[in-house]
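Please model the entire structure based on the sequences and the hints provided.
Chains as they are written, first to last, in the numbering used here: chain A, 1 to 370; chain B, 1001 to 1293.
No lab work stands behind these hints: they were computed from the structure. Ideal Cβ placement from N, Cα and C applies to all residues, glycine included. Check each hint, because a few of them may be wrong.
Stated by the list, open to error - Covered stretches of chain B, as calculated for chain A (at least 3 residues, CB under 8 angstroms):
1) 1056-1064
2) 1075-1087
3) 1119-1131
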Amino acid sequence: MLTIATGNKAVATAVRDAKPKVVAAYPITPQTEIVENIADFVSSKELDSRYIPVESEHSSMAACMGSSIAGVRTFTATSSHGLVYMCEMLHMVAGARLPIVMANANRALGPGWNVWAEQSDSLSMRDSGWLQVYVSTVQEAYDATLMAFRIAEDNDVLLPVMVNLDGFLLTHIMQGFETVNPEDFIPEIDLPHRIDVDNPGGYGTLTPPNEHFKFRWDIERALRDSVRVIEETESEFEKRFGRKYGMTEDYRTEDAEVIIVAMGTLGKEMEVAVDNLREEGIKAGSVRIRWFRPFPDLKSRLEGRDVVVIDRDYSFGFGGIVANEIRAKCNVKPYSVIAGLGGQEVTYDDIAGFVRDRKTDSEFWFGVNE
Amino acid sequence: MAEIPEEEYILKTTSACAGCSASLILRYVTKAAGPDTVLVVPACCTSVIQGIYPDTAMNIPVYNVAFASAAAVASGMSEAFRAEGKDTNVICFAGDGGTVDIGIQALSGALERGTDFLYICYDNEAYSNTGMQRSGATPLGARTTTTPVGKTEFKKDLDAIIAAHNPVYMATACSAYPDDLYKKIKKALSVPGPKFMHVLAPCPPGWRYPSDKTIDMGKLAVKSGMWVLYERENGKLNITGASKAAMVKRIPVSDYIKVQGRFKTATEEDIRALQNSVDLEMEKLKKEADGIC
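Okay, structure coming up:
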């Protein structure tokens, strides 16, 4: 069905269509609309689910953990301070191999209070064992949320998935989007290690070093396997519903001499910059990273070219987080642009400017050092 | 005496300290709850008591969770089981630190939401698992590694906080009185909704008394009024077991204090303050139980 809605409403609609049995959530700007819509779906019986209005985000992820280990499909949503407040539980959930799906509205962290878009919240959780996908349109928010359940619950993955959408820039922007009838696209959940009173066991028992080490390796192995599961899921989605996604979204990269890399809504904005730069005779292309964990293989698209990375985040004392990952994985010396923090406006003209002014192997803070 | 089943759900391979009353409580809790039960355990002595992976001394599923999260995890688990049409008991089994300090927000939330679960706080009056640091449940005058000359504040009144949430059932118990404990667990699990139990758990290494004196220590606590056995059903208070006699006639608090190394530095003033608070509390409970308030 073709409809029009905000990114938040699209996520809530995808959750309705994925039919989780339990949703535990706590409100926070700019995510609140997601959980309000889910609460409406539950009270109107459009969604047959238990909605647990918990008293904090630490408890929302804890309640999700309790629900998921009981073997039922589970969802929550958060943002910014809520996400970092549940940090401990994010690690617990990934370690317990629970396929919880969470939407995160990317928002800056205080102080001072800032409710606008920044990806420092989710990127600071990058080492927790969660899969992370960053979306750029309302349609993609819907599609990625649906696919997240299938990917998380695949028995070769069994890890939680975080669907990230830029606060306000996507959570509150209205666009047309099409819903689908997932039918058996998301199979019944079958958690192999769910709690079973007929087959009692200890969960999260005191674990000595060698065993702990093996469990960590199992998480890494599952994350590596998840690339295949993501690709299979996206290919099946395309076959059934006609929309194509990938680990990245590439735009005019084939003959490009300079590639712009970004995540989220900036990743769409830069496509306009690419078109405009090409009209000026600059052979630009763009790679929008969708899946940040697992991290995509970008070598073939970035090596041997100029690379401009735009980070809406920062790792203090080191650099832009996306740029850091690219430096670590590819033999490139990017022009690292830090832009859009705390919802700072970044237009396609600004992005074209970054490309024109690029300096290999250096860092530029947009609006600060000019 | 209650008909306590022969079945054991905590096996003889625990790594509990000698004379551990927490494992004794766990034994009666699981006997009363039976096999259709999941225990949710935050960081506490029970994290250790159940043994080391890949082994477990527990014969029912135990979910070990983050320190602050037990009641919230139980919320999610209970809703998931009920959504699936299962009546499985969801029981949090948490120490005093995980209850009165770091876990109280999640507990308050779960009670307020009417979660169908039983929360049991076994109270050894300190962070015993990490080697006896002060908790909000440590009594006045008790030495811990973070109150080397004795705690200068009173024990937090957890039961008053819980009572303010109006759970369908709440009770206190003590490891020295397993029959009373067993009956209360049974009663708690017979009704839907949020239930709470606060069980005194004397701890030989923490309280510094010989490990064969655990039962004696629990009895002294009750006989002196330092611990009171009661239950509240839908708000109505009922004093139970040995505490009925203690309402009328008690041994001095000092008889309980002087046999524990943790009170070695307690002053006369501390002991008077403890005696005074016991007398006031007993008087208050007696009035309430008699319907005079």
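Problem - Which numbered hints fail - result: Failing hint: just 3.
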